[in-house]
Amino acid sequence: MNERFDCHYCKESLFGKKYILREENPYCVKCYESLYSNTCEECKKPIGCNSKDLSYKDRHWHEDCFHCFQCKRSLVDKPFSAKEDQLLCTECYSNEYSSKCHECKKTIMPGTRKMEHKGNSWHETCFTCHRCQQPIGTKSFIPKDNQNYCVPCYEKQFAMQCVQCKKSITTGGVTYRDQPWHKDCFLCTGCKKQLSGQRFTSRDEFPYCLNCFCSLYAKKCAGCTNPISGLGGSKYISFEERQWHNDCFNCKKCSVSLVGRGFLTERDDILCPECGKDI
Numbered sequence: 001m002n003e004r005f006d007c008h009y010c011k012e013s014l015f016g017k018k019y020i021l022r023e024e025n026p027y028c029v030k031c032y033e034s035l036y037s038n039t040c041e042e043c044k045k046p047i048g049c050n051s052k053d054l055s056y057k058d059r060h061w062h063e064d065c066f067h068c069f070q071c072k073r074s075l076v077d078k079p080f081s082a083k084e085d086q087l088l089c090t091e092c093y094s095n096e097y098s099s100k101c102h103e104c105k106k107t108i109m110p111g112t113r114k115m116e117h118k119g120n121s122w123h124e125t126c127f128t129c130h131r132c133q134q135p136i137g138t139k140s141f142i143p144k145d146n147q148n149y150c151v152p153c154y155e156k157q158f159a160m161q162c163v164q165c166k167k168s169i170t171t172g173g174v175t176y177r178d179q180p181w182h183k184d185c186f187l188c189t190g191c192k193k194q195l196s197g198q199r200f201t202s203r204d205e206f207p208y209c210l211n212c213f214c215s216l217y218a219k220k221c222a223g224c225t226n227p228i229s230g231l232g233g234s235k236y237i238s239f240e241e242r243q244w245h246n247d248c249f250n251c252k253k254c255s256v257s258l259v260g261r262g263f264l265t266e267r268d269d270i271l272c273p274e275c276g277k278d279i
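Quick note: the sequence shown, position 150, residue 150 per the UniProt record's numbering, numbers continuous.
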């Protein structure tokens, strides 16, 4: 008597029929597909034994169902991308999600070099100087009025020239008497220190730092002998070709302030009326 050879699940005889072994157990095709076949993501039907099962990240497709979500072209043996569980061919993915060139408005394909500046993107060959039309690449550039310029073209077309060194001012700069200066060129006439960002004054149209101006031109206080700059709104007292800081204009004897009060003089001294009444 022959030994029985039945489907492991439905127990029907497999003699003369196609079957599949799984973990050394035989299954008829119907039972195997019902129990173990993957469901196609596209058509939702089982992927049978006679069909090729294509998988990607634990998802499965029939070979005929494995196509681009947008253009429906087959993705079998072709590069593709996934976006929100949708498979897209490289071209459709680029058109939908890749950056667009700010100059030519065409898609910048993945893997190609692109230039970026302030949220905009360009093809490398489209990122050019507005004046000379040469690619800027990784060289320095200066944006102006929504256009980009290489440094030489910007200097030729827009940059002012420093009064001192006669070279172009590309960034920053100082305006003095309606004329442009590099910060590094705008110096004190006396000590040659930079005046940019510092308080300064002028004499005969030449700029001076406060120290040099006071040392060279300011009158000396008759009280403390230090210079009286008169700058920044500081007040001083002047009498018979002599000057005093407000804080120094005091009675020689009792030191009371004489600002806004009557006073008497005795040689080089100033006195309040009380101290000077015996003169």
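If you are wondering where the hints come from, they were derived from the structure by calculation, not from laboratory data.
Certain hints may be false.
[To be verified] List time: in silico DSS-like cross-link candidates among lysine-lysine, alpha-carbon distance up to 30 Å: (1) K72 / K52; (2) K44 / K100; (3) K167 / K144; (4) K156 / K166; (5) K100 / K139; (6) K183 / K167; (7) K183 / K156; (8) K83 / K72; (9) K52 / K11; (10) K30 / K17; (11) K45 / K72; (12) K44 / K72; (13) K235 / K219; (14) K144 / K105; (15) K183 / K166; (16) K219 / K167; (17) K45 / K78; (18) K44 / K11; (19) K193 / K219; (20) K277 / K252.
Checked hints:
1. Distance hint between K72 and K52 is fulfilled; the C-alpha atoms sit about 19 Å from each other, no more than 30 Å.
2. Proposed proximity of K44 and K100 is contradicted: the alpha carbons are some 36 Å apart, above 30 Å.
3. Restraint check for K167 and K144: satisfied, since their Cα atoms lie roughly 20 Å apart, inside the 30 Å limit.
4. Among the hinted pairs, K156 with K166 is consistent with the structure: their alpha-carbon atoms are about 13 Å apart, no more than 30 Å.
5. Only pairs whose Cα atoms come within 30 Å are accepted, and K100 paired with K139 is accepted, the gap being roughly 22 Å.
6. Distance check on the hinted pair: K183 and K167 sit about 12 Å apart at the alpha-carbon level, within 30 Å; holds.
7. This hinted pair checks out: K183 and K156 have alpha carbons roughly 20 Å apart, not beyond 30 Å.
8. With a C-alpha separation of about 15 Å, the suggested pairing of K83 with K72 holds against the 30 Å cut-off.
9. In summary, the hint linking K52 to K11 is supported, as the alpha carbons are separated by about 27 Å, within the 30 Å threshold.
10. Straight-line distance between C-alpha atoms of K30 and K17 comes to about 11 Å, which keeps the hinted pair within the 30 Å bound.
11. Between K45 and K72, the direct Cα distance comes to roughly 18 Å. Compliance with the 30 Å bound is thereby established for this hinted pair.
12. Of the supplied pair hints, the one linking K44 and K72 holds, its CA atoms being roughly 17 Å apart against a limit of 30 Å.
13. Taken as a hint, the K235 and K219 pair is honoured in the structure, with Cα atoms around 13 Å apart against an allowance of 30 Å.
14. The hinted pair formed by K144 and K105 meets the criterion: a straight-line CA distance of about 20 Å does not exceed 30 Å.
15. This hinted pair checks out: K183 and K166 have alpha carbons roughly 13 Å apart, not beyond 30 Å.
16. Between K219 and K167 the alpha-carbon distance is near 38 Å, which puts this suggested pair outside the 30 Å criterion.
17. With a C-alpha separation of about 24 Å, the suggested pairing of K45 with K78 holds against the 30 Å cut-off.
18. For the hint linking K44 to K11, the alpha-carbon distance of about 28 Å falls within 30 Å, and the restraint holds.
19. Restraint check for K193 and K219: satisfied, since their Cα atoms lie roughly 23 Å apart, inside the 30 Å limit.
20. The suggested pairing of K277 with K252 holds, with an alpha-carbon distance near 14 Å, which does not exceed 30 Å.
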